[in-house]
Amino acid sequence: MRVLQIGAGGVGAAAAAIAARRGFFTSWTVADYSLSRASRVVAAVNDPRFVAAQVDASSATEVRDLAAGATHVFNAVDPRFVMSIFDGAFAAGADYLDMAMSLSEPHPTAPYSSTGVVLGAAQFATESLWQEAGRLALVGIGVEPGLSDIFARYAADELFSSISEIGVRDGANLVVDGHTFAPSFSIWTTIEECLNPPVIYEKERGWFTTEPFSEPEVFDFPEGIGPVECVNVEHEEVLLIPRWVDAERVTFKYGLGAEFISVLRTLHVLGLDSTAPIRVGDVSVAPRDVVAACLPDPASLGPRMRGKTCAGTWVRGVGVDGAPREVYLYHVVDNEWSMREYGHQAVVWQTAVNPVVALELLSEGAWSGSGVLGPEAFPPRPFLDLLVAYGSPWAMR
16 MRVLQIGAGG VGAAAAAIAA RRGFFTSWTV ADYSLSRASR VVAAVNDPRF
66 VAAQVDASSA TEVRDLAAGA THVFNAVDPR FVMSIFDGAF AAGADYLDMA
116 MSLSEPHPTA PYSSTGVVLG AAQFATESLW QEAGRLALVG IGVEPGLSDI
166 FARYAADELF SSISEIGVRD GANLVVDGHT FAPSFSIWTT IEECLNPPVI
216 YEKERGWFTT EPFSEPEVFD FPEGIGPVEC VNVEHEEVLL IPRWVDAERV
266 TFKYGLGAEF ISVLRTLHVL GLDSTAPIRV GDVSVAPRDV VAACLPDPAS
316 LGPRMRGKTC AGTWVRGVGV DGAPREVYLY HVVDNEWSMR EYGHQAVVWQ
366 TAVNPVVALE LLSEGAWSGS GVLGPEAFPP RPFLDLLVAY GSPWAMR
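If you want our numbering, it's the 1-based position in the sequence shown plus 15.
Hints should not be assumed to be uniformly reliable.
Label-pair ranges, simulated between beta-carbon atoms [stated by the list, open to error]:
hint, residue 1, residue 2, range
1, G337, S289, 51 to 59 Å
2, V300, D261, 25 to 33 Å
3, R258, D71, 31 to 39 Å
4, E217, G337, 21 to 29 Å
For the record, the hints were derived by calculation from the structure and aren't laboratory data.
Treat the numbers as computed from the prediction; the structure is a model and nothing was measured.
Where a beta carbon is used, it is the ideal one built from N, C-alpha and C, also for glycine.
Work out the full structure, taking the sequences as your base and the hints as a guide.
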C-alpha cells in the first residue's frame, strides 16, 4: 500500500505518528500547502517510509498529479477541500478516504425544517463512477463520523433485533490551561457543524432539520467525565447511518456547554462565521479565517490540556432476546495518555487513529468494496478488534 496523506495539521500529524508504528504500507507521503509543516511531521516520525510534499488541496489537478502511483489518498484537511481531493484521487486512479464529507447548503427558504444540499451529497452523486471503476471511496472514517458509525453497525448486527433510536453523543471534560476559549479541534469545522441547521432522521419522515443547538439534554458520560449538556448539531452520521442500518430515528448531539454555545452565537450575530471574503483596507479576507487565525492551533494545545474526551453511540430498542435494551458504545482517550504515548492531544489522536486502522484493514483485505461507502457498509468486528490491538480499547455501558 502506498498512501498519500493530504494535510499536516493536528490530525494529520497524529495519523502519521500512529501509522509509523505499523507495517502494512510501503510508502506514506505527507503533503500540505506548507511544505515546511509537512516536513516537520515527517521529521517527527523519523521513518524512511515517510516523505514530505507540497500540494494545493483546492486544486484537483495538483492532487491528481501528486497521487500518481499512490494506491490510497487519505484526506486529512478540513471539509471545504473535500471535492477537489476526492476528484483528484479518482482522476489519479487511487482509492480515497476522508474523515468529513462534502459540505452542505441550507434550504433556501425553510432552513430550520427542510434539508437543502446535505453533507456528502456531492460525493454520493458520483457513486456509479466509483463502482464502474471498481474503486473505493470510504467516506467519514474519523471518530465522529467513523467509529461512531461502526458502533451503530455493531449494535445492529450483534446486540439488537430492532432499533428505535441511534443517538451519537460526544462529550469531554477537557480543560486548556491559560485559555478561556481554545477549541480542541479546527474552529473552521466547528463553526460549520454547530451553526448549520442540524439534521435529524426519522424513518416515517426522512431527513429534516431543526434550529442550531436544539433539543438540549444532559448525558452522563463514562470514565469520570460525568453529566454534560448536549445539543443537536449537523453531522455526517445522521446522513450515513440510515443508508445501511435500520433504525426508527438517528440523531447527533454534541456536548458543547453554555459558554461555548454563547461564543458561537456571538460569532454568528457579528457575521464572523462567514466564509465570504470582505474588504479590509487593501486586502480581502474571510471572517471565519480571521477567527481561526486568532485562536491557538489545536495541535499545539496538548501540553496545556488535561482531561478526557469521549465519542460514542447510544442505541435503544429491542435486544436479540426480545427484551427492551439500551446501550452506550464508547471510546475514551485521556489526554495525559495520548501526549505521553504519541505526543499528540486527545481529540486529534482519537480522530486520527480510525482512518489508520481502516487503511490497515483495506491493505489486508479484511475490508473491501467499491463505490462511495460509509463505515457502516463494512463488518464492524475486524475494526473494533484491530482498534484494541492498537492499544486503544472501546467499551460498552
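For each hint, the structure was consulted:
1. A hinted range of 51 to 59 Å holds for the C-beta pair G337 and S289, which are about 52 Å apart.
2. Taken as a hint, the range 25 to 33 Å is violated for the pair V300 and D261, whose Cβ atoms sit roughly 46 Å apart.
3. Take R258 and D71: their Cβ atoms lie about 32 Å apart, and the range 31 to 39 Å holds.
4. Here the CB-CB span from E217 to G337 is close to 24 Å, well matched to the stated 21 to 29 Å.
Checked against the numbered hints given earlier, this structure breaks only hint 2.
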